[in-house]
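Colleague: Residue strings, one per chain:
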Amino acid sequence: MIREILSTYRPLYATVLVYMLQNTEYQTRPYIAWLHRTKDFSTVIKRRTLDETKVATMLLMYVKLGMLLQITFSVALIYLGITGSLVGGVAYGITLLISYPFVWAYALVLPLVAGRIFIIGPRNRKAIEESRAIFAAHPGLRIAVAGSYGKTSMKELLLTVLSEGRSVAATPANRNVSSSHAYFARKLTGNEDILIIEYGEGAPGDVARMAQITQPTHAVITGLAPAHLDHYKTLEAAGEDIFSVASAVPSGQAYVYGDSPANKPFIKKGYKTYDTDGALGWKVSKVSVKLEGVSFTLTKGKQSLALKSGLVGRHQVGFLAFVAAFALELGLTKAQVTAGLAKTQPFEHRMQPYQLNGAHVIDDTYNGNLEGIRAGTALLHDLKASRKIYVTPGLVDQGNQKEPVHIEVGKLIAAAKPDVVVLMQNSVAGFIQNGLEQGGFKGELRIEENPLEFYTNLSHIVAHGDLVVMQNDWTDNYA
Amino acid sequence: MNGMETIAVIFGGRSAEHDVSVITALASIIKPLELTKKYKVEAVYIAKDGTWFWDDRLKDIKLFTSGAIQDFIHKTAPASVQFDGGMTLIKASGIAGRKQHRKINVVFPAMHGTYGEDGALMGLLDMAGVAYVGCDVAASAIAMDKTLAKQVALANNVPVSKFLTFTKAELEREPGTALKDIAAVLKFPLFVKPAHLGSSIGISRATTKTELRNALEVAAHYDNKIIVEEAVGNLIEVTLPIIGNDRPQPALLEQPMTHAEDFFDFETKYMQGGKKGKGSSAKGAQGYSQIPAKLPKELYARAEQVGLDVYRALGCSGIARVDMLIDSKTSEVFFNEVNPLPGGLYAHNWAKAGVSSVELVSRLVGYAKERHTARQALNTSFSTNYLQQF
Chain A
0 MIREILSTYR PLYATVLVYM LQNTEYQTRP YIAWLHRTKD FSTVIKRRTL
50 DETKVATMLL MYVKLGMLLQ ITFSVALIYL GITGSLVGGV AYGITLLISY
100 PFVWAYALVL PLVAGRIFII GPRNRKAIEE SRAIFAAHPG LRIAVAGSYG
150 KTSMKELLLT VLSEGRSVAA TPANRNVSSS HAYFARKLTG NEDILIIEYG
200 EGAPGDVARM AQITQPTHAV ITGLAPAHLD HYKTLEAAGE DIFSVASAVP
250 SGQAYVYGDS PANKPFIKKG YKTYDTDGAL GWKVSKVSVK LEGVSFTLTK
300 GKQSLALKSG LVGRHQVGFL AFVAAFALEL GLTKAQVTAG LAKTQPFEHR
350 MQPYQLNGAH VIDDTYNGNL EGIRAGTALL HDLKASRKIY VTPGLVDQGN
400 QKEPVHIEVG KLIAAAKPDV VVLMQNSVAG FIQNGLEQGG FKGELRIEEN
450 PLEFYTNLSH IVAHGDLVVM QNDWTDNYA
Chain B
0 MNGMETIAVI FGGRSAEHDV SVITALASII KPLELTKKYK VEAVYIAKDG
50 TWFWDDRLKD IKLFTSGAIQ DFIHKTAPAS VQFDGGMTLI KASGIAGRKQ
100 HRKINVVFPA MHGTYGEDGA LMGLLDMAGV AYVGCDVAAS AIAMDKTLAK
150 QVALANNVPV SKFLTFTKAE LEREPGTALK DIAAVLKFPL FVKPAHLGSS
200 IGISRATTKT ELRNALEVAA HYDNKIIVEE AVGNLIEVTL PIIGNDRPQP
250 ALLEQPMTHA EDFFDFETKY MQGGKKGKGS SAKGAQGYSQ IPAKLPKELY
300 ARAEQVGLDV YRALGCSGIA RVDMLIDSKT SEVFFNEVNP LPGGLYAHNW
350 AKAGVSSVEL VSRLVGYAKE RHTARQALNT SFSTNYLQQF
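Protein sequences, first through last, are from chains A and B.
All letters in the first sequence, in the order written, are residues 0 to 478 by numbering that gives the first Met the number 0.
All letters in the second sequence, in the order written, are residues 0 to 389 by numbering that gives the first Met the number 0.
Source of the hints: derived by calculation from the structure; they are not laboratory data.
Remember, predicted model here, so these are calculated numbers, not experimental data.
Just so you know, even glycine gets a beta-carbon here, dropped at the ideal spot from N, CA and C.
Do not rely on the hints blindly, as some may be mistaken.
Pair ranges (Cβ atoms, derived) [said to hold, decoys possible]:
#1 Asn155(B) with Thr42(A): 56 to 62 Å
#2 Glu443(A) with Ile94(B): 35 to 41 Å
#3 Lys289(A) with Gln69(B): 52 to 58 Å
#4 Lys289(A) with Asp326(B): 37 to 43 Å
For reference, chain A alone in the conformation it holds in the complex:
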């Protein structure tokens, strides 16, 4: 208790506060929630250090200066109290002096809130309204990509393959909120053949609003899984919002991923589905899964197309088949589609294979949903290795589904029959452990207290012939 209280008076306390704010992407509510959850501020910074960006540096100066002023003022009050110049000066001064860590933990967000209300908010709203007109006037196809998982991958795949024969622009990285779309729209020349816009859902109504602004001509829906349930509350609510984009496009131009079981209740007449078996009338056969990538053949009547991709895992076939078939439908040649697919490579931290000390490591730490776990554990099961190791801290943002989801995670891991399972000591480790027991897991279970130490020293733990699948990552703001 004393150690915890004293941790707020450490010289690094101000840096810790700014670090927390930075790690919650300057979002007030998650920051406050983290603040309330934290008992010992000396143990907050574990994974990274403060990224000294301009914003972070200014906030740090602001909070340090504020603390210094409060301390100075407190000392002055105490002095005045002692010298008899101010009645109650000592009591006021001591109260102010003791309370400065508490006061500035909250005062830190004031400039952000003010900035959002008075500067960023109006600026974004203006940009979004302007983008509505830009999108409406744009002559190219506007493809919206939405889903709980797989949307960034789908967007990148479409961009890579369609760029082989068309001029394509896509929203950058995983910037998928309305304000990002607006700034993307500003950069368009109007000469693009195709725009690919990724929709990031976060709360009910998000996707419907994005569809009203970007006015898509085509909608590609990837997978649906429990995510952002803190706001959506139920999977159904998330599904309704995501599928609202399918209603916003002309009939026959909504494409839905059929391998995602949660999508099924939302599929309506006129929607086209794609999955591991095929897409848009093309059938998938001769699937081969290796660490170097997947290969398969697409056939339609007498037409045939042998395709290869650097993406890893059987679950990638559905997406790849759709992108190939869709590109053909848009008029790209078979040679262009083949070349485009051959260029697709794993994205950073998404089923990205690399070698470490002779072991094969599949880095899927960006993933954060149950379907991703299903794909990762299936891959672990499919590939041969002298020792199979599965590593995960679990999933975040699972709301009241936290326990059943993580029991399911444990069962999926057990079904992959790994030799070693590595979990991180956190609030979901027990649930996963239950799932492992229910799934009959018989291997070695390690529970790491320090995830960073584990990841840093992975080279000491693995050897030639090992296969390691690492899924998901918890930053310091999750417990």
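For this one, chain A is given, so just place chain B on it according to the hints.
Modeller: Chain B alone, transformed into the frame defined by chain A:
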């Protein structure tokens, strides 16, 4: 931490290979031992003057690479060791003059060269009755004497290249005689080595009498016993890391990628990343090796067998690395030398053989306990009436 066994990793020491020992301990032993989550690991550092220190700060490589170790040595009170039916580390706790004690269950020596790898430390640990990793006194002493090791190998029908041995005193007293003896028995090119040093320290290659004279002088600077060996022609150098007690298990035969006329001196081995010439690599000698060595299947198997034969003949246990020389034309395999504590445990090779660093140190601790238990079961007392006769 409760219920965990405590392992003391002892490193540094009064040896020319002091610095190599620091790297072995910090990079290849302490961290993997901690990652097992089974042991409390204590870092015990022996300074170049022989003073012992025990401190968690010694686990930080920066203390050594920055040179701050000198400051640490001056400011820190040395540790001592108590043999109390085992081994206990003792140091000042810094609180009211009290002492801090730590009972040690297993010792993991990470010492290269003299007073460590040569059996001296093992003798001390045997006296203390504590389990320790690696070869015992006898095997360490034989392995660290290149002449003795070759003689033991020869006695067990393992071929070795021709060699002669001289003491430093002999060389100083009658240098001419030594040169004559060498010329009469051995053919150039020759290798001149201090008999007890590892890590290629003090080794020279001589192709003329002048070079030989210089080489003898260099070797005598490091050791009282010098071995002069005939170079093997059409040379392929290979090395084989081995672990285990009664049932030794080999890793992969490794071939350092040197030219026939080259050899790994200390500079090449540790400072230039194993590359001759101007190239550099961060991987050490092992970064410039072929693992497994590309040899014909039969030759590979023979070399592996020679390695295992030598390991058994010398009575090695725990861990060792056997170096061999192959004449690629005649396919003859010659035993060269044994390293009872390979630098960095040769973890890079074990990793290629499918044994991770964590697994490697775990197994080594297991072998240490196995041998200790077997020794404890031996009867060390024998009742006689000898004393009653006086």
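Colleague: A separate judgement is required for each hint: does it hold in the structure or not?
Modeller: Comparing the hints with the structure gives:
Against the hinted window of 56 to 62 Å, the Cβ-Cβ separation of Asn155(B) and Thr42(A) comes to about 58 Å, which satisfies the hint. A hinted range of 35 to 41 Å holds for the C-beta pair Glu443(A) and Ile94(B), which are about 40 Å apart. Checking the proposed 52 to 58 Å range against Lys289(A) and Gln69(B) shows it holds: the Cβ atoms sit about 54 Å from each other. In this structure the hint that Lys289(A) and Asp326(B) lie 37 to 43 Å apart at CB holds, the actual value being about 42 Å.
Violation of the numbered hints given earlier is absent; every hint is satisfied by the structure.
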